[in-house]
Amino acid sequence: MKHDSSLRLHIPESRFRPGDVPDFNYLNLPKAGVAKRPKTDAKASETRDLAYGLVRVIDDAGAAVGPWDPKLDPETLRKGLRYMLLTRVFDDRMFKAQRQGKTPFYMKCTGEEAVSVAQALVLNRDDMCFASYRQQGLLIARDWPVFDLMCQIYSNTLDRLKGRQLPVLYSVREAGFFSLSGNLGTQYPQAVGWAMASAYKRDTKIAAAWIGEGASAEGDFHQALTFAAVYRAPVILNLSNNQWAISSSQGVAGGEETTFASRAVGFGFPGIRVDGNDFLAVYAVSRWAAERARNNHGPTLIEHFTYRAAPHSTSDDPSRYRPGDEYQRWPLGDPIIRLKGHLMRLGEWDEARHTALMAELEAEVDTANKKAQKLGVHGGGPYHDPSTMFEDVYKEMPWHLREQQAELALFREKKP
Amino acid sequence: MKHDSSLRLHIPESRFRPGDVPDFNYLNLPKAGVAKRPKTDAKASETRDLAYGLVRVIDDAGAAVGPWDPKLDPETLRKGLRYMLLTRVFDDRMFKAQRQGKTPFYMKCTGEEAVSVAQALVLNRDDMCFASYRQQGLLIARDWPVFDLMCQIYSNTLDRLKGRQLPVLYSVREAGFFSLSGNLGTQYPQAVGWAMASAYKRDTKIAAAWIGEGASAEGDFHQALTFAAVYRAPVILNLSNNQWAISSSQGVAGGEETTFASRAVGFGFPGIRVDGNDFLAVYAVSRWAAERARNNHGPTLIEHFTYRAAPHSTSDDPSRYRPGDEYQRWPLGDPIIRLKGHLMRLGEWDEARHTALMAELEAEVDTANKKAQKLGVHGGGPYHDPSTMFEDVYKEMPWHLREQQAELALFREKKP
Amino acid sequence: MVEALNSAMDVMLARDPDVLIFGEDVGFFGGVFRVTDGLQQRYGEQRVFDAPIAESGQIAVAIGMGAYGLRPVVECQFADYIYPAFDQLVSEAARLRYRSAGEFNAPITVRAPYGGGIFGGQTHSQSPEGLFTHVCGLKTVIPSNPYDAKGLLISAIEDDDPVLFFEPKRLYAGPFDGHYEKPVETWAKHAAGEVPVGYYAIPLGKAAVARQGEALTILAYGTMVHVALAATAETGVDAEILDLRSLMPIDIEAITGSVEKTGRCLIVHEATRTSGYGAELSALVQERCFYHLEAPILRVTGWDTPYPREFEWEYFPGPLRVAEAIRKIMAG
Amino acid sequence: MVEALNSAMDVMLARDPDVLIFGEDVGFFGGVFRVTDGLQQRYGEQRVFDAPIAESGQIAVAIGMGAYGLRPVVECQFADYIYPAFDQLVSEAARLRYRSAGEFNAPITVRAPYGGGIFGGQTHSQSPEGLFTHVCGLKTVIPSNPYDAKGLLISAIEDDDPVLFFEPKRLYAGPFDGHYEKPVETWAKHAAGEVPVGYYAIPLGKAAVARQGEALTILAYGTMVHVALAATAETGVDAEILDLRSLMPIDIEAITGSVEKTGRCLIVHEATRTSGYGAELSALVQERCFYHLEAPILRVTGWDTPYPREFEWEYFPGPLRVAEAIRKIMAG
Ligand SMILES: Cc1ncc(C[n+]2csc(CCOP(=O)(O)OP(=O)(O)O)c2C)c(N)n1
Ligand SMILES: Cc1ncc(C[n+]2csc(CCOP(=O)(O)OP(=O)(O)O)c2C)c(N)n1
Ligand SMILES: [Mg+2]
Ligand SMILES: [Mg+2]
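Residue numbers (our numbering), protein chains in the order written: chain Z, 196 to 611; chain D, 196 to 611; chain G, -14 to 317; chain C, -14 to 317.
These aren't lab readings, by the way, just hints derived from the structure by calculation.
Beta carbons: idealized from backbone N, C-alpha and C, even for Gly.
Accuracy of the hints is not assured; some may be wrong.
Below, in silico cross-link-like pairs of lysine to aspartate or glutamate (EDC-like), each with a Cα-Cα straight-line distance of 20 Å or less [to be verified]:
{"hint": "1", "chain 1": "D", "residue 1": "K590", "chain 2": "C", "residue 2": "D236"}
{"hint": "2", "chain 1": "D", "residue 1": "K396", "chain 2": "C", "residue 2": "D1"}
{"hint": "3", "chain 1": "D", "residue 1": "K274", "chain 2": "D", "residue 2": "E546"}
{"hint": "4", "chain 1": "Z", "residue 1": "K609", "chain 2": "C", "residue 2": "E299"}
{"hint": "5", "chain 1": "Z", "residue 1": "K590", "chain 2": "G", "residue 2": "E143"}
{"hint": "6", "chain 1": "Z", "residue 1": "K590", "chain 2": "G", "residue 2": "D145"}
{"hint": "7", "chain 1": "C", "residue 1": "K191", "chain 2": "D", "residue 2": "E598"}
Sample of chain Z residues lacking proximity to chain C, with all beta carbon distances greater than 12 Å (derived) [to be verified]:
{"hint": "8", "residue": "P233"}
{"hint": "9", "residue": "S240"}
{"hint": "10", "residue": "R397"}
{"hint": "11", "residue": "K590"}
Covered by chain G, according to a simulated footprint, are these stretches of chain C (three or more residues, beta-carbon under 8 Å) [stated by the list, open to error]:
{"hint": "12", "stretch": "61 to 69"}
{"hint": "13", "stretch": "149 to 162"}
{"hint": "14", "stretch": "260 to 272"}
{"hint": "15", "stretch": "287 to 300"}
Chain Z on its own, in the form it takes in the complex (with noise of 0.2 Å):
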């Protein structure tokens, strides 16, 4: 048989580390617009350029153009922009609470808005979201209030969680926000389950689940698509490809001869690529996808191409890995700033109210941060009672629980 000489191993490697200059010129951007729409009810093997293409609907110019524009009324595209803008604001709260130590940790998802928010505004209240760490946003947009996340960050006597869990990784039921896990990956597959047991109900509501382009890696994505495509699951998949899982490049989880999108269509289901900062194109992928599941034709996957502007959490620091400018020179922008030039091309929005509504959002925040902080922060507390820490581990505390929270209490009274 013919053959080279000898085999080569392939390591996919980051294009740009540190002292580098980012061009991203090699990805060859679709333009807004020329993408095409299916019908909701169209074959999958209708849709397949769709995983390769990019759905883009704001033009360089901020107008919405092409067939995905889903020509929202710009009260919802003000709602969209003071939701992102509230996630923004937020984040850089904690972040700045985080430096100042009355949290251990906070993970931020800057320019990451747009992918969060905008479906928040195309699902339904009681459709179940199976997000990861990095979608504050659906909770933000489904007004649940900041001051409530805080307390969970803070660990304070209000904390939902008692303390328990990392910050961030929140647990809403009433705000159909499932309870977040620090096990990459696992919710995905949870997702589909819980939208197989909305269909064997007869039920209306759909699941939407979220997940990282890394760990898009793990054998729970494989476990969602699957048991998506064999049982037709209502539920949107979200792939959230921010270039970054820490400090490895999405090449590093198998982008470098695909697009993520296109693992949907292994499954036969439609998987779409969306412009991730684009908020009209993420709306309106978001509305065809839930469309599709709630029509009972089944499952989409979407990829939203967009950019980790952030460090992966307090925790990282990604000048090491990195260059310092590489959001400033990423091609699609900022989600927040082209929905704002939308809505300012609409004359439906101008620098004042911006400014306006910015300074009502910090103070918001600032007010509710306050007010949490009163309540106990980490280090310093007040906290539930520690004894609470043996609850919940079951429905009924067994007696070697009861015993060990007995022996805790003995040690918390002798300690000095």
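Position chains D, G and C with the ligands relative to chain Z; hints supplied.
The following block gives chains D, G and C with the ligands in isolation, referenced to the frame of chain Z:
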């Protein structure tokens, strides 16, 4: 949002169950010769159609047609026929041995002989095969003595696996055959690791792996495709879609809406669906994939479209879950009969030679079987010394296993 | 025991529309051990169906269904194949209630045939129960007879926490005391072989006394209960045999009560020895009954090797080994 | 300890071209705990590289590489994330030599930071070592100081069996005795903080005596060695502290030798209690030293709950709890 009154859970079911008359017209199988053959260094995107088509070479008249015709000399064809026949004769004999109580378990590959034999003839002997339990044809085509396999099946004194493994879970390093696992799917990413190692060492050897369509739902399948794509591993990933996973149809594994070959499309490397009962087609596609791998173009997924003619194993009774005549109605026929027909059409074979070959192989298997049974059979022995069961847990036996070994020895003395 | 388990699921499918069953080959076929036989035919494809061969996905999907409000029962074809689902069981099912402070829970039941005795070799004979007892948030249940099997499985399905329900596959067709040379028995003549139709529940966390005695306490579960009974009979020692039934929660009162009475304790299980569940039992008894113990607590278990297929009976901790340990403890 | 581990890999990469390293973020970045810092720069991308976030795939690929003849070292970013790889570790790495009767083996090393002390909450603080000690075919190693860490990691990489190498993450930067209120220490002043350059190996399966004593034996490993030392100092009891280092194989002679001498035994680990490794230690000591024991063997461990993030110090089995147990045993 517009939607039906309610959701429904889709449950895939086999088209035909006992009592039904199977009709495979719905498969719409492409004719032999129509599939295009890209160059082995083609971009994956140029190979996408192959994932949805079906590479077939031997036409209904027994002629080899189209660009995939590997143009093999009659000697190679007769070799292929011989190995496939030997595999079948061996299977039949071992099945009978199980019914006679000489072994507790056996698994046949009837109808799927081409899947292993044709590829074995393409591979070099030092390429490593990571098989499932249905590729005994690999060992047979590598001239590994059936006598040795029988010793394993009977757990006798010459069983190289010392009575430890379920019959058919061979390990033959010498013949480039990786230790079989009872756990489905695990070998698939291991093969990728082996291939990566070969590339890392700038070696020339490639790896080949096999999995069933049922087991492709496991996370290991995803891991294999991910790592193979990311590191462009020199590996052939074979998937034998024999329509059944015990009692579950391939639809339960996710084959209702697309092909299994298309899974590779989602990873950006070629997926090819081949008529698994067509020796020439399997040979040709295997050669294409091997050449590609050896030239550093990375992995190929080959879906062998075939049919599991035998029961899942000797523990299984397919009449409970599928029509008894389903295999007779399978439109792709029998790989042995088809290759025989092709050879006869070439004038390179005739019924007399076939009968003689059959008799020769039966005698060969019979002789080996008698010899193997003399060395011990299941339930009667003789076997290896049971004390060997403590060996090979670790390279060196730790104290606790030495103690346990001694304890067993005591009990064996005491036994009435 | 197969019929008893089948009946438990039948009862629960009929009582509760939120109960559904899935797993490999459990639908049309009724399961490779026939435990779900006829259920799809009776309750329809929506409620009893085949799943892709992906144990991890099955558990994940069950967790999602549980979060919605269903009570899924998943059959894992062999306990040996539960490991791909380990993360979903340990990091998810077991933690969900805790991490969400009770907002979500995973009321799922995972059934899996376990243990040896059918010449299944190392991948069809394992006893992985000990691993799960180390994972807080999970319950682990193992019946030893048809009557208990039905009542315990009903409780497991009704339980609001995730339950691993391991079924001793060697007991599916009849009791087995380790005397493999004797003719195979069915449950027909066994006292606990009679299973009432309809609903009844046996609470989780309660051991049963399989034999009352004064001389020695034997802690056992699953197949080993029968082995312990046989070995006791053969030694003539008046042992008290506890059939633990529920490994987690542990019925500590039953255990310490008995050991305090007898002053001696033997622990038997088929699983490999090191860090097995027997270690925990030994530690607990030692911690709580130290001053009552008249001899070392001993363990008779599977060897610390994979289950070697042809050497099934050299591996299986049969009555000979158990009897020897009984004698040793009595001499101690 | 970070530098010591880094040095061990550096040494092995230099000595053996078949050694290679991969895992999440271990390449360009040098690992989230910086343990592989500089190694890719020194040895190139082919030998030290990032892996997809797929722990199961990483182990599977390592097994395949091992079968080929390489010695892969895989970093699992946190021990809490090892469960997706459980099947590949348990059913494959651990069984390969056995099931192939020695034809193939898996000479792989899996490094994973484990344990609490950094406010990581339940998914960045777990101690899953006990699970792996129940799996025959696997070795489990846990160092407690930089000197041992380097020597043991070198032995692990050279070992022809699969080794799980758990690194107490709270000890990465310095010793920690559980007194979280005291200022953070570095290894600089610690005796075992000095790490020779170049190659040296510490054999697996051998415990070290962290403190000689006559009154009581404390069995510990990892972070808990330091806690035991502090608690011992605080009680003034003349305890002998064994730093087990290797959980499997177990250094049984060191253990029984010490307990036979002292007649008393305390076991401490950070992992949850029930069915943890401490249970096995307790069972072993009880079985072998029963007639030497003057008081019940006790265990001080993590509670049987997930690690509750804000209640880190209420969960961590610190010197107060260890000291109390010492006193209790001495009174027994
Ligand atoms: C199972 C598991 N493995 C590893 C980790 C550690 N980890 C946390 S976040 C992260 C990177 C995730 O990247 P990606 O999925 O792309 O999401 P992003 O952070 O970019 O939103 C890693 C490796 C984890 N939390 N869970
Ligand atoms: C992890 C795992 N789960 C389940 C099984 C039980 N099992 C053995 S073979 C089989 C069916 C496999 O079907 P397929 O992959 O299509 O292969 P085929 O038997 O058709 O060749 C099942 C479910 C197993 N061996 N391993
Ligand atoms: Mg990412
Ligand atoms: Mg099959």
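query: Which of the numbered hints are not met once you compare them with the structure shown?
result: 13
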